[in-house]
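Undergrad: From first to last, the protein sequence lines stand for chains U and F. For the first sequence, my numbering assigns the number 1 to the initial residue and increments by one for each residue that follows. For the second sequence, my numbering assigns the number 1001 to the initial residue and increments by one for each residue that follows.
Source of the hints: derived by calculation from the structure; they are not laboratory data. Heads up, the beta-carbon is just placed ideally off N, CA and C, and yes, glycines get one too. Treat the hints with caution; some may be incorrect.
[What the hints assert, rightly or not] With beta-carbon atoms standing in for the labels, derived distance ranges:
1) F:Gly1192 / U:Ile234: 43 to 53 Å
2) U:Ile234 / F:Ser1144: 51 to 61 Å
3) U:Val152 / F:Ser1144: 56 to 66 Å
[Stated by the list, open to error] DSS-like cross-link-like pairs, simulated, lysine-lysine; straight-line CA separation at most 25 Å:
4) U:Lys443 / U:Lys371
5) F:Lys1138 / U:Lys543
6) F:Lys1224 / U:Lys228
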Amino acid sequence: MATITQTKEAAALAEPRFDLDVGTWLRNTVFNNTWTTIFAVILIIANIIVLRASFTAEPVGLSFNLAPNGVPTGVGNLILALTSGALLTSIIFILWLIGAAAVVYSAARHHWPGPTQWLKDSLYNGPFGALTTLLLTVIIIFAIRGLLSWAVFGAEFRSDPEQVALLKPVTPGAVWGVVIANLKLFAIFRYSTVGTEIVIWRVWASLGVILALAALSTAAWSFGSPLKRMRNLIVWLWLLSFVVIYFLLRGVPGLETGAFQEVPTSRWGGFVLTLILSVVGIVVSFPIGVIMALGRRSQVRGVPFLWVWGVGLLLIYWGFGGYPDKAVTLNIPVLFRDPPIWVVTLSPLTFAALQAIIIIGIFWVISYFNKGNMIKTFSVLYIELIRGVPLITVLFMANVILPLFLPKGLEIDNLLRVVVGIILFTAAYMAENVRGGLQAIPKGQYEAAMAVGLSTAQSMRLVIMPQALRLVIPAIVGSFISLFKDTSLVAIVGLFDLLRVAQVVVAQPDWLGLQKESYAFVALIFWIVAFAMSRASQRLEQKLGVGKY
Amino acid sequence: MLLGEDIIICNDVHKWFGDFHVLQGITTTVKEGEVVVIIGPSGSGKSTWIRTINRLEEHQRGQIIVDGTELNNDLRNIQEIRREVGMVFQQFNLFPHLTVLQNVTLAPIHVRHWSREKAEEIAIQQLERVKIPEQASKYPGQLSGGQQQRVAIARALAMQPKIMLFDEPTSALDPEMIKEVLDAMQELAESGMTILAVTHEMGFARNVANRVIFFDQGNIVEEKPPDVFFDNPEHERTKLFLSQILH
């Protein structure tokens, strides 16, 4: 048996075979069943359509710099030649054919040198792989060509409004002047208007604070750093920096001139506002989410007399709104009655009693569920309520309805209300993410932590949370990224975030009709930040995951 | 061996899981320095019983007094007893996100409030005692099952407990790793520690235990010194059980 195999192998090595069983190969792949045949036909048709379209693609547009008065310069001609649809398509197709030929040749010789093995494994993985490779290569290369044609070759970079007004009609690509001329609006919007340019240093100072802390953190958190003992301090400094930056940007209340004049939050806008909303949202919603997650999983048994909570709330309510001191007339609509309204006049005492019964009753009912575990009931209600409502609704609530509930005379800054809305919204999602992590921790971890004598709080902080949070880093960062992008919804309640500024910019007479450029720029900024967050989360995962499971 | 005062007193301990009556009136005492091995068929309540001693399971009737403190709903009592009672689990339950040394020092630092230096010194002593000081900076996931279980023993010992509970410490181990864990337990027993161990290792029971308790259906059927227990079992149920496990 062994000798036969050996002789076969020796024969194979001695004279390389050269045979290709195309029939069997096609039968096993393309004609394997009806669906593979249909799929192959579709792929071939798609390839033909795409190749034809790309072969006859129009020449790229050239800007005034590359083709003054419509006559291309030398560089312009070179670009036209290199990006010609016929040329590009032919090159792609010929390269693809060469690759295919190399793979077929290797298949026929039953011998795979490195490069063809790679080609076979990655690009020419069967007939479908080969056809998809061709299709995608053409689409990707022509997409890049189209993008370059619009954003670079055909684009105009001058930002002088008068020149742009002349060049706009003849420019085939983007007019980036709209972005370049309005960078300040994009960055800070109307934070410093004409006459108040003097306050702009405060934005730079805030940026300086952040960069300094970032540098300090990088130093302290790098491996084997002598600043390791300062880590706690740095975390506190970060939290303190929020307050510092707030007062720095806000200025001295009431002061109307000078470098420290007040800039009301209604003038904050642009990228700075987007950053403030998302950073504050992220930092504050995270601990609230953790608390809600713990609350939802808590196993506290019913505290007796939970209606005490109701009494407390009632007293707070009376404290804000005042104890009813005059008779109240209620008009209660009643069906099948003429007139269909039932007018009841309540004495102050009765009205107060009614309020008390309702509020205490609500708390009594709440404490009735989950065996009186009101913390759990409250968390569940909160999470499910917020998750069932779109962010826009929460923002509207914060902006329009919240002031109705507040006592007269107490006004809360619009920006603050919106921030609170965003925080409450994100916290609900965060809570569910964290709960997912908590559920993945085996019961044995809780038992081991208890058995060595740790208190519940200690076992959560030292044993359970570090493991649970690490498990849900991807989900948490996903929530953060969507929070960051959702900040653009604050435009609905009258704040000027980055995206809203993009609209404002193209509404200026000088820059009318340049929405594409404006939005593309904003999209790029959003993408850069979101991508950075995503990369940071991956690095964090790697750093925390080393050798631990 | 000279045995001391009563350190664990159980008086008519009952527990129900829903309708299932797991512990049906356990009454026994354990003396200081005594090594008690608990055996019995699965579901007989033996694990549940030792878990009531550090209140991982709550008993619903009767009285458990550990080291002079009665276990009741008072959290301070429970914390106090858990400080004095170490526990080793079947599934090791090491903290996977901490190194071996951090696993062992966690409770001494945060519960006993020792300084890090003192906690680490004692941790190294205990790791030497179970013969794996060289693994101190590794993570549990990088160790074999036997090594993990010995770390778990060191973690419990680092709190310098008066009582050690073992809940089937060798059941999740590969056969060749059982001995290293049993050796560590035997060394511990010889040092005079009070030990309650649920185990199926009959050799350990025969050689090391002062007393063997046989559990069945939530009751103590028989408790005897090991030589008497294995050679002259009194009850039919014990005889049947022994005939099934001793081949």
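Undergrad: Quick check: which numbered hints come out false for this structure?
TA: Of the numbered hints given earlier, those the structure breaks are 2, 6, listed in rising order.
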